[in-house]
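Whole structure, please, built from the sequences with the hints as guidance.
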Amino acid sequence: MDQPITRAEHEEFVRRMQDEHKRIHHRIADIERTVDRIHDLTSSVERLATSVEQMAQVQRVHAEQIERLESRDGEMWRKAVGYAVTAAIGVAIGLIFNI
98 MDQPITRAEH EEFVRRMQDE HKRIHHRIAD IERTVDRIHD LTSSVERLAT SVEQMAQVQR
158 VHAEQIERLE SRDGEMWRKA VGYAVTAAIG VAIGLIFNI
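Residue numbering for the sequence shown is 98 to 196, as defined by the working numbering.
In short, the hints are calculated from the structure, not lab data.
Some hints here could point you the wrong way.
The following label-pair restraints were derived from C-beta to C-beta distances [stated by the list, open to error]: (1) His159 to Ile193: 48 to 56 angstroms; (2) Ala160 to Ser140: 27 to 35 angstroms; (3) His136 to Pro101: 48 to 56 angstroms.
Cβ atoms here follow ideal geometry from the backbone N, Cα and C, with glycine treated the same way.
Put into structure tokens, the structure is as follows:
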């Protein structure tokens, strides 16, 4: 190591270092592209999660509305049957007292 290196050895060293820098530069560029794609994917997943959450809220609202409509129909049917039974009893009592 005490001997100085030759010009050819130095040029070979420089060439190898430049080649290594090129390889590293390409690796870094590939990694940057990968990071960009991961960022895009993360943004897409975030938007999808928001959309699914909103859809679930709408579905809950619709389920509540359907429940209210179904219970209203049941209540109206019970009222109609109650009125019909009351009318039938009233007619029967009226006929009994008219005889």
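Status of the hints after comparison with the structure:
1. Checked against the hint of 48 to 56 angstroms, the C-beta distance between His159 and Ile193 comes to roughly 51 angstroms, which is consistent with it.
2. Take Ala160 and Ser140: their Cβ atoms lie about 31 angstroms apart, and the range 27 to 35 angstroms holds.
3. For His136 and Pro101, the Cβ-Cβ distance of about 50 angstroms falls inside the hinted range of 48 to 56 angstroms, so the restraint holds.
Checked against the numbered hints given earlier, the structure satisfies every one of them.
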